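Taking the hints into account, I'd like the entire structure generated from these sequences.
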Amino acid sequence: MSDWAFLRAGLVAVGLLVVAALVGWGVETARYEDRGFQELTRCLNNEKGASIGATRDPVARSADLGALDTVIETNGVTVSVSSTPERAERIVSSYRAVGGELGPRLELRGRTVYLWERPPSPTQRQTMFDCTY
Amino acid sequence: MALTGRIHSRAADLRVSGVLLGVLGAVAFWNAFTYPPFGGFDADEHITYARSLLDGHGLPKGGAYYTPPGFYALAALAIRLGEALGLDQPERVMQIVNAMFVVGSGLLVLALTRLFFPGRPVARWAALGFFTCCPVVLKTAAMFHPQPLAMLLSLLAFWITAGMIVRRDYRLRLWAALAPTLACAQLVRSVSLWVAGVVLVTLIAAAVAQPEHRRQIRNALAISALAMVLLPLPWYIHLQSTAGNAVFGRGIALTSFEARWPKAFYVDSGLPDVITHPQRAELEPRFIPIVYAETWGDYFGIWSWGSPRPELTSEVNRRLTIQSVVGLPLTAFAVAGWLALIGIAARRWRENPARILAVLAPLVGLAAVLYYATRGFRADGDTVKALFLLPAVPFWAVSFGFAVDVLVERHRRVGVAALAVLVPCLLVSLAYATFAFVS
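Protein sequence lines correspond, in order, to chains A and B. The opening position of the first sequence corresponds to residue 1 in this note's numbering, with each subsequent residue numbered one higher. The opening position of the second sequence corresponds to residue 1001 in this note's numbering, with each subsequent residue numbered one higher.
Hints were generated in silico from the structure; no laboratory data involved. These numbers come from a predicted model, not from an experiment. Where is the CB? At the ideal position from N, CA and C, for every residue including glycine.
Which stretches of chain A does chain B cover? Using the computed rule of at least three CB atoms under 8 Å from a CB of chain B, they are:
no. : stretch
1   : 4 to 12
2   : 17 to 27
Away from chain A, derived, C-beta distances all over 12 Å, residues of chain B:
no. : residue
3   : Leu-1003
4   : Gly-1018
5   : Arg-1171
6   : Trp-1235
7   : Phe-1377
8   : Arg-1413
Listed below in structure tokens is the structure:
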């Protein structure tokens, strides 16, 4: 066999590796399930011991991954989780359209939006950030 | 025919090789003068180690205490020279010395490729071109870091080994050069252990393929192996007695099979982020994606972004993306050439057993880095660094050179078309690896 025959086989093998990587990416994308909201619920329940309830807030419920009500150190908060930061920004815009300037009660972190009953303390904010995925 | 004749002329070889080495030297020295001494990986630890030796405090108790002292002894002398010269940053002298090490390594890439593929100048030029333009080589050379010296010593050992096998010359003086070189490499970085392993296996293969030299190789190899173990032995004993681990020197189990990485760490291709966001802020720590992103770009933020350099803006990310894109054809050719060399070594290894070096070095080097990453779990992927693979990069360059040469030889037009893609990719990478370009 000539060097060319070996190189041709090498190039074919590299092509197959590239195809395998692309197929793997495709399969992973097709099977991907965003567990951001489930992880948030699990964390609040198991790690923070917070009680969780379904929210009746229509803006929060428009978040595509999910929303909930909980209480952190006597301060109630509605949390909504979107699949992307851009969708989360739309939730924030909706809140502002309905409630005006909400100040520190309304907070966006990545793709998660928090609407607090009262301005949160640093420890309350930290508790929620610990459970942000 | 006239073109072929010109390519194979000695004058053309000297001109092209000289230009490539000149470019390598110019960029390496430029980087050494412009890249901040404290800018590289763990630079403060490396400088503290060298200063500890310089000030007579001996081996440090913390920081990079687990790294052998070979490089730091040299770095201490370099710092003293820098102080004597009145430099504001005397550590810069060691960066300049590292630039010299990389130019020396470039010369050895040429010499090694000539031994593997005699009479094939295109393979040599392409190999040196790849080595010159590979960002991981120039980035590491710019730093105050022991890895360029480890690469030089490893390459020297590989070159001596290949020369002995190709020329069937096993005189004592060559063994007397090989054994201390491998011992010194271990006294610079313990990662050089795998280099010694590859050299030993290749020489054993040579003993099988060249029965007329079998006895000579066997006797000299036994004595050399003993020297390779005995010379760095005091260091390993020191590390075992002070840190409880003779090789890693810290809490890394040598034989445990427990791995804290998820399965995805080993198999995930990192697509699409390895192309669109090849940096640690967005690309999850996965083995191949980090090695790839660090080889062609800057995953950890020590070159073109990250404090005190520019922030990771979308513009910086775009430049990293370009690096990931131009790295694709270069990597594809290098891997294809390496796979071809595996096939050739498997079928015709007796013809030139030295080529086993080119087959084993990238494989064992990659396995060693994977082993280290598996044992030394760090959630941010800090134990996966492409610079650990530096002694194997010359063989990716050799594989690349081989692939280009075979293609140009066999299909001139296809080869020229491939070069029209590969050469701009190399130039874009060279620009990225020139520090002033991104600072």
